[in-house]
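J.: Here is how the chains run, residue by residue.
Number of protein chains: 4
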Amino acid sequence: MALFKDNTALGKTSWVFSAGFAPSQSTGHEPEFTSRNTLCLLNTSQKDACVQLMVYYDDADPVGPYEILVEANRVKHQRINDLIEPQAVYLDKPYGLVLESDQPVVAQLYYLDSREGQLTVSHLNPAPLGD
Amino acid sequence: MALFKDNTALGKTSWVFSAGFAPSQSTGHEPEFTSRNTLCLLNTSQKDACVQLMVYYDDADPVGPYEILVEANRVKHQRINDLIEPQAVYLDKPYGLVLESDQPVVAQLYYLDSREGQLTVSHLNPAPLGD
Amino acid sequence: MALFKDNTALGKTSWVFSAGFAPSQSTGHEPEFTSRNTLCLLNTSQKDACVQLMVYYDDADPVGPYEILVEANRVKHQRINDLIEPQAVYLDKPYGLVLESDQPVVAQLYYLDSREGQLTVSHLNPAPLGD
Amino acid sequence: MALFKDNTALGKTSWVFSAGFAPSQSTGHEPEFTSRNTLCLLNTSQKDACVQLMVYYDDADPVGPYEILVEANRVKHQRINDLIEPQAVYLDKPYGLVLESDQPVVAQLYYLDSREGQLTVSHLNPAPLGD
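Residue numbers (the working numbering), protein chains in the order written: chain Z, 120 to 250; chain X, 120 to 250; chain W, 120 to 250; chain P, 120 to 250.
Source of the hints: derived by calculation from the structure; they are not laboratory data. This one's a predicted model, so the numbers in the text were calculated from it and none came from an experiment. One or more of the hints may lead you astray.
A pair counts as met if it fits within one copy or between any two copies, since identical chains are not told apart.
What the hints assert, rightly or not - Computed cross-link-like contacts, EDC-like style, restricted to lysine to aspartate or glutamate with a CA-CA straight-line distance of at most 16 Å:
(1) Lys166 x Asp180
(2) Lys131 x Asp180
(3) Lys131 x Glu204
(4) Lys166 x Glu149
(5) Lys131 x Asp177
(6) Lys166 x Asp201
(7) Lys166 x Glu235
(8) Lys166 x Asp177
(9) Lys131 x Asp178
(10) Lys131 x Asp211
(11) Lys212 x Glu151
(12) Lys166 x Glu190
(13) Lys212 x Asp167
(14) Lys131 x Glu149
(15) Lys212 x Asp178
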């Protein structure tokens, strides 16, 4: 039995998160224990996806677009704080993320916090906006 | 290539959470390690959003509305326990949140718990009510 | 400005979780640090809600319904392991939850794990089934 | 009063996660404290469900399908790293999951991380794709 009959691209071309935040402090080995937000992107389509990201702050205009390439049939876990063009995303500051893609993708957020000799991980879906 | 073609406001004008709770106990430096619920609001519209919040308890009538201003093109991470008008939100008690906004916004909840020398963080979307 | 114009009951009458699990081991003071799953229910309607819960296991038939009363305009955070009628919910075993309510309610799951002198908290929405 | 009137199968036949990751390092007793991703499946239908899973990587073609049987009226919590046919799922590497089922099921992801003498748990819903 083969349930995967077609090559439908799963996902949507727009996703939004309001709870972005990454602490500057970390404990433990880098890079695996560095405190961070990681944007987890999955492209099940047969075409590479160009994902663009706008970052919203609480005291300045939105910055972007940041560009992230997600190859066809691949996942990409992109640390937000490795995004430096057009400008490094601030640590220790609240931010929101708006993502637009030219192919349907799935986006989820991974949070790791290793401040004070601790370790906590959390996962977050984009806002459930319906269709 | 510019994927952000228009100024559509992303989000909805109503959101609901049933899992509100903030412990009164904390360890570590304030305010970054204070146990809390933080409401993470993103306003991608071109108009300031007036967000109103009702807080539901398990043993008393709902309290509110609390008013939170989220400027156009900004994110705002509002600690629930900094809301004191009309009345401080109770610590150590279960609560639910109903949010209404005059502009579409995205709302997500951030939970930090630093009781007993520990650190744990969790994120929560509003209930997936569809449209 | 009053955004809360009507008394619409927010929520749905059916919710499903597949990731139920509560460890039997705990450390720290009871009951606040007892490892648990807590079902967080919000009833914004003007009528009391009768919530019924079926618990699904991996090696036995579903058990229930468990009945939970959520009063009008109230939240109720119900520890799953305080449900003993018709039968205590098992610890240390995977379970799923299907909830039916006679009024629309919002349901979210809170998980606290204090095994081994640790503390971790996570929140979970019901499955995003759309409408 | 019986709210559970029919035998409707709750869920959907397709679910997607982009944030898969399991560390190879663990501390504490096995298997309960082994770092892992666990796929939590609930089948409320009256027929056994055959679930098929494709695993997407960031540097190789998708692998699968993995087959998971979920009996009628049962939950099944399947550790991803116990899936070894056609090939063990990699530890310490990002992955995405696409699930197809021949019966409607509910799928949620459980993450436990016990690296460095710590314990953190997180839960994640599949992407909110609407219908």
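J.: Next step is simple, just say for each hint if it's right about the structure.
T.: To see whether the hints hold, each was checked on the structure:
1. When the C-alpha separation of Lys166 and Asp180 is checked against a cutoff of 16 Å, the pair qualifies only between copies, where the shortest distance is 14 Å, while the shortest distance within a copy is 32 Å.
2. Taking the closest pair of Cα atoms, Lys131 and Asp180 never come within 16 Å of each other, the shortest separation being 26 Å inside a single copy and 21 Å across copies.
3. In this assembly of identical chains, the alpha carbons of Lys131 and Glu204 never lie at most 16 Å apart, being 24 Å within a copy and 30 Å across copies at closest.
4. Taking CA atoms no more than 16 Å apart as the test, Lys166 paired with Glu149 passes in neither setting, with 33 Å inside one copy and 41 Å between copies.
5. Taking CA atoms no more than 16 Å apart as the test, Lys131 paired with Asp177 passes in neither setting, with 27 Å inside one copy and 19 Å between copies.
6. In the homo-oligomer, the alpha carbons of Lys166 and Asp201 never lie at most 16 Å apart, since the shortest distance is 24 Å inside one protomer and 31 Å across protomers.
7. Neither within a single protomer nor between protomers do Lys166 and Glu235 lie at most 16 Å apart by alpha-carbon distance, with minima of 43 Å and 40 Å respectively.
8. Taking the shortest alpha-carbon separations for Lys166 and Asp177, only the inter-copy value of 15 Å comes in at or below 16 Å, while the best intra-copy value is 35 Å.
9. Taking identical chains as interchangeable, the C-alpha atoms of Lys131 and Asp178 are never at most 16 Å apart, the minima being 29 Å within one chain and 22 Å between chains.
10. Proximity of Lys131 to Asp211 under the C-alpha cut-off of 16 Å is found in neither arrangement, the shortest distances being 30 Å within a copy and 27 Å between copies.
11. In the homo-oligomer, the alpha carbons of Lys212 and Glu151 lie at most 16 Å apart only across protomers (11 Å), although the nearest pairing inside one protomer, at 21 Å, exceeds that limit.
12. When the C-alpha separation of Lys166 and Glu190 is checked against a cutoff of 16 Å, the pair qualifies only within one copy, where the shortest distance is 7 Å, while the shortest distance between copies is 36 Å.
13. Proximity of Lys212 to Asp167 under the C-alpha cut-off of 16 Å is found in neither arrangement, the shortest distances being 32 Å within a copy and 20 Å between copies.
14. In the homo-oligomer, the alpha carbons of Lys131 and Glu149 never lie at most 16 Å apart, since the shortest distance is 33 Å inside one protomer and 39 Å across protomers.
15. Within a single copy, Lys212 and Asp178 get their C-alpha atoms as close as 10 Å, which meets the 16 Å cut-off; across copies the closest is 32 Å, which misses it.
The structure does not agree with the numbered hints 2, 3, 4, 5, 6, 7, 9, 10, 13 and 14 stated previously, though it agrees with the rest.
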